[in-house]
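Participant: With the working numbering applied, the sequence shown corresponds to residues 1 to 78, in that order.
Calculated from the structure, these hints are not laboratory results.
Model, not experiment: these values are computed from the prediction.
No residue lacks a Cβ here, since even glycine has one placed at the ideal position from N, Cα and C.
Please note: incorrect hints may appear among the correct ones.
[What the hints assert, rightly or not] So the derived label-pair ranges between C-beta atoms look like this:
hint, residue 1, residue 2, range
1, Ser3, Gly29, 17 to 23 Å
2, Lys17, Leu37, 18 to 24 Å
3, Thr20, Asn55, 14 to 20 Å
4, Glu68, Leu16, 16 to 22 Å
5, Asn40, Phe66, 15 to 21 Å
6, Glu68, Asn22, 18 to 24 Å
7, Lys26, Ser3, 26 to 32 Å
8, Glu68, Lys26, 27 to 33 Å
9, Asn60, Ser3, 14 to 20 Å
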Amino acid sequence: HASLTTGEVIRMLRELKGWTQNELAKRSGINATNISLLENNNIEIGKKRAIQLANTFNINPATIMFPEYEAKEISQAA
1 HASLTTGEVI
11 RMLRELKGWT
21 QNELAKRSGI
31 NATNISLLEN
41 NNIEIGKKRA
51 IQLANTFNIN
61 PATIMFPEYE
71 AKEISQAA
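My request is simple: use the sequences and hints to build the entire structure.
Facilitator: What follows is the structure, encoded as structure tokens:
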């Protein structure tokens, strides 16, 4: 399987939910600018943001922080 970056995982999960970046920002409490920066791998996610996004997507934070180890969980979250 292809390895995914954290940003690609965030984008994939958001798109699978049919959400815009603005909608994810409202749901997660992370501003839309930072959502874009995260999706484009321009900033590190950090523990706090990983937890916020994981709670929003109803998944384990490790799925976002360590996508190379969590591919199975990512596909199930879709």
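Participant: Decide, hint by hint, whether the structure agrees.
Facilitator: So, going through the hints one by one against the coordinates:
At roughly 28 Å, the beta carbons of Ser3 and Gly29 sit outside the given window of 17 to 23 Å. At about 19 Å, the CB distance of Lys17 to Leu37 agrees with the hint of 18 to 24 Å. Thr20 and Asn55 have their C-beta atoms about 19 Å apart, which keeps the hinted 14 to 20 Å range intact. Restraint check, Glu68 to Leu16: a C-beta distance of roughly 19 Å satisfies the suggested window 16 to 22 Å.
Range check, Asn40 to Phe66: about 19 Å between beta-carbon atoms, so the 15 to 21 Å window is met. Look at Glu68 against Asn22: about 29 Å separates their beta carbons, and that is not inside 18 to 24 Å. Separated by about 30 Å at the C-beta atoms, Lys26 and Ser3 satisfy the suggested range of 26 to 32 Å. Between Glu68 and Lys26 the C-beta distance comes to about 29 Å, which sits within the given range of 27 to 33 Å.
In this structure the supplied range 14 to 20 Å holds for Asn60 paired with Ser3, their Cβ-Cβ distance being about 18 Å.
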